[in-house]
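Protein chains: 2
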Amino acid sequence: MAKQKISAVPSIRRLPSYLHIIRQSKEDGSEYISGTVIAQELHLEPIQVRKDLAITGIVGKPKKGYPVIALMAAIEHFLGWDEVQPAVLIGAGNLGTALSGYPEFQYHGLQICAAFDQDPSKVGKSIHGVPVFSLETLKIQVKNLGASIAILTLPSSSAQEVTNKLVEAGITAIWNFTNVKLNVPENVIVQKEDLTSGYAMLCVMMNARKHGAS
Amino acid sequence: MAKQKISAVPSIRRLPSYLHIIRQSKEDGSEYISGTVIAQELHLEPIQVRKDLAITGIVGKPKKGYPVIALMAAIEHFLGWDEVQPAVLIGAGNLGTALSGYPEFQYHGLQICAAFDQDPSKVGKSIHGVPVFSLETLKIQVKNLGASIAILTLPSSSAQEVTNKLVEAGITAIWNFTNVKLNVPENVIVQKEDLTSGYAMLCVMMNARKHGAS
Numbered sequence: 001m002a003k004q005k006i007s008a009v010p011s012i013r014r015l016p017s018y019l020h021i022i023r024q025s026k027e028d029g030s031e032y033i034s035g036t037v038i039a040q041e042l043h044l045e046p047i048q049v050r051k052d053l054a055i056t057g058i059v060g061k062p063k064k065g066y067p068v069i070a071l072m073a074a075i076e077h078f079l080g081w082d083e084v085q086p087a088v089l090i091g092a093g094n095l096g097t098a099l100s101g102y103p104e105f106q107y108h109g110l111q112i113c114a115a116f117d118q119d120p121s122k123v124g125k126s127i128h129g130v131p132v133f134s135l136e137t138l139k140i141q142v143k144n145l146g147a148s149i150a151i152l153t154l155p156s157s158s159a160q161e162v163t164n165k166l167v168e169a170g171i172t173a174i175w176n177f178t179n180v181k182l183n184v185p186e187n188v189i190v191q192k193e194d195l196t197s198g199y200a201m202l203c204v205m206m207n208a209r210k211h212g213a214s
Numbered sequence: 001m002a003k004q005k006i007s008a009v010p011s012i013r014r015l016p017s018y019l020h021i022i023r024q025s026k027e028d029g030s031e032y033i034s035g036t037v038i039a040q041e042l043h044l045e046p047i048q049v050r051k052d053l054a055i056t057g058i059v060g061k062p063k064k065g066y067p068v069i070a071l072m073a074a075i076e077h078f079l080g081w082d083e084v085q086p087a088v089l090i091g092a093g094n095l096g097t098a099l100s101g102y103p104e105f106q107y108h109g110l111q112i113c114a115a116f117d118q119d120p121s122k123v124g125k126s127i128h129g130v131p132v133f134s135l136e137t138l139k140i141q142v143k144n145l146g147a148s149i150a151i152l153t154l155p156s157s158s159a160q161e162v163t164n165k166l167v168e169a170g171i172t173a174i175w176n177f178t179n180v181k182l183n184v185p186e187n188v189i190v191q192k193e194d195l196t197s198g199y200a201m202l203c204v205m206m207n208a209r210k211h212g213a214s
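So the protein lines, in turn, are chains A and B. Residue numbers for the first sequence follow this note's numbering, so the first one is 1 and each next one is one higher. Residue numbers for the second sequence follow this note's numbering, so the first one is 1 and each next one is one higher.
I should point out that these hints are in silico values taken from the structure, not numbers from a laboratory. Note that the structure is predicted; figures quoted are calculated from it, not measured. Virtual Cβ for every residue (Gly too), placed ideally from N, Cα, C. There may be inaccurate statements among the hints.
[Said to hold, decoys possible] Which residues of chain A face chain B? A partial, calculated answer using Cβ under 7 Å:
1) Pro16
2) Ala169
3) Val204
[What the hints assert, rightly or not] Across the chosen pairs, the derived CB separations fall in these ranges:
4) Gln111/B x Lys139/A: 35 to 45 Å
5) Glu168/B x Lys139/A: 21 to 31 Å
6) Asn164/A x Glu104/B: 17 to 27 Å
7) Pro155/A x Pro62/B: 36 to 46 Å
8) Ile55/A x His77/B: 28 to 38 Å
9) Tyr107/A x Gly129/B: 28 to 38 Å
10) His77/B x Gly170/A: 39 to 49 Å
[What the hints assert, rightly or not] Here are the simulated EDC-like pairs of lysine to aspartate or glutamate, each with C-alpha atoms no more than 20 Å apart in a straight line:
11) Lys181/A x Asp28/B
12) Lys210/B x Asp82/A
13) Lys181/B x Asp194/B
14) Lys210/A x Glu186/B
15) Lys181/B x Glu45/A
16) Lys181/B x Glu27/A
17) Lys210/B x Glu76/A
18) Lys210/B x Glu186/A
19) Lys192/B x Glu193/A
20) Lys210/A x Glu83/B
21) Lys192/A x Asp194/B
22) Lys192/B x Glu161/A
23) Lys181/A x Glu27/B
24) Lys210/A x Asp82/B
25) Lys192/A x Glu83/B
26) Lys192/A x Glu186/B
27) Lys181/A x Glu104/B
28) Lys192/B x Glu186/A
29) Lys181/B x Glu41/A
30) Lys210/A x Glu76/B
31) Lys64/A x Glu41/A
32) Lys51/A x Glu41/A
33) Lys181/A x Glu41/B
34) Lys192/A x Glu41/B
All chains, please: the whole structure from these sequences, using the hints.
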């Protein structure tokens, strides 16, 4: 099932940025928000925004737009962000520490409850309030914590070995920041994150500007 | 021009992962690689891979696939990764430090030549060999370095103020890791990075598995 095709990947990727704008609009006291307003904020086409939002099952009202509270709830429910997801962080280096303190995650149900590292100088300390344990204790701790998600921010060289242990401990979803393509059983989901992907976008836009393309 | 539409965004986002596989194939001594092999590695459809690669202008040979060296060159040229891009990093915290040591960047022409931070305890030190300067010296240093790209990994609260200074100093491309929508002149490109976007994908896959969708 991990290999199943998820349709509408670009739409799903855009939903968090919509949610951010809708939340701000709610904080500003708005009851309704239109697809056109969201589109303008993000330099997208209104039709695109409406199509993306439709995958969450919500329907806007002509002239008024979407009711803000219902729209937030629909997106959060579609993404599963209305449930708490206990997660473990593997690798308490700079990237892991940055993720453990990333303010947006608190809105999205992602609860990093423990970090693991092989560096003895980090073990026993905490990063943004998250306790750091020894990698040696990984299997027993993951079972005790009931975590379902593991976030991999460890060196690529040990990514597969640690993944095997995580799978044995019952982890079924991996958010992979290493550049290793992990081998996992069919029932384990892997989302691979590639930080160079956004850099590629930036470069292509720079190229287009240089060559005057539009 | 910053607001111009770039077509084929999902294709562009996939190119770095193709490049990674093609480079490994080259290191393994292969002369040719087929779209089908790349597709299998990444659990994509072969037709999708061939369509994505076509945007770089390269054409595969029937039965043989793509010549590895020419394919790498075509992708790198399309992305502008065959040129060195001097960049400055704004914010030498955990995320900034992680990016400054990100091994993939060295292949892609991204040369982080200086970092800036407002914390006096960081100024004068270096992160992964990149010297950290005071934010006070931003404008003069950016001009001296001839950097065109700025990577924003500073707290969101000061993102717009620092952006204004960067634009005055001649920066025309910003890779924005804060959650602020920056106001910039028309000629400045902004690529906003949202780390929750990949988490959204992971959650939707988890939901689909839970509900047995395919």
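Tested hints:
no.	hint	result
1	Pro16	4 Å, holds
2	Ala169	17 Å, violated
3	Val204	5 Å, holds
4	Gln111/B x Lys139/A: 35 to 45 Å	41 Å, holds
5	Glu168/B x Lys139/A: 21 to 31 Å	54 Å, violated
6	Asn164/A x Glu104/B: 17 to 27 Å	24 Å, holds
7	Pro155/A x Pro62/B: 36 to 46 Å	41 Å, holds
8	Ile55/A x His77/B: 28 to 38 Å	36 Å, holds
9	Tyr107/A x Gly129/B: 28 to 38 Å	36 Å, holds
10	His77/B x Gly170/A: 39 to 49 Å	46 Å, holds
11	Lys181/A x Asp28/B	16 Å, holds
12	Lys210/B x Asp82/A	15 Å, holds
13	Lys181/B x Asp194/B	11 Å, holds
14	Lys210/A x Glu186/B	14 Å, holds
15	Lys181/B x Glu45/A	17 Å, holds
16	Lys181/B x Glu27/A	16 Å, holds
17	Lys210/B x Glu76/A	16 Å, holds
18	Lys210/B x Glu186/A	14 Å, holds
19	Lys192/B x Glu193/A	15 Å, holds
20	Lys210/A x Glu83/B	13 Å, holds
21	Lys192/A x Asp194/B	14 Å, holds
22	Lys192/B x Glu161/A	33 Å, violated
23	Lys181/A x Glu27/B	16 Å, holds
24	Lys210/A x Asp82/B	15 Å, holds
25	Lys192/A x Glu83/B	27 Å, violated
26	Lys192/A x Glu186/B	33 Å, violated
27	Lys181/A x Glu104/B	15 Å, holds
28	Lys192/B x Glu186/A	33 Å, violated
29	Lys181/B x Glu41/A	8 Å, holds
30	Lys210/A x Glu76/B	16 Å, holds
31	Lys64/A x Glu41/A	17 Å, holds
32	Lys51/A x Glu41/A	16 Å, holds
33	Lys181/A x Glu41/B	8 Å, holds
34	Lys192/A x Glu41/B	13 Å, holds
The structure is inconsistent with the numbered hints 2, 5, 22, 25, 26, 28, although it conforms to all the rest.
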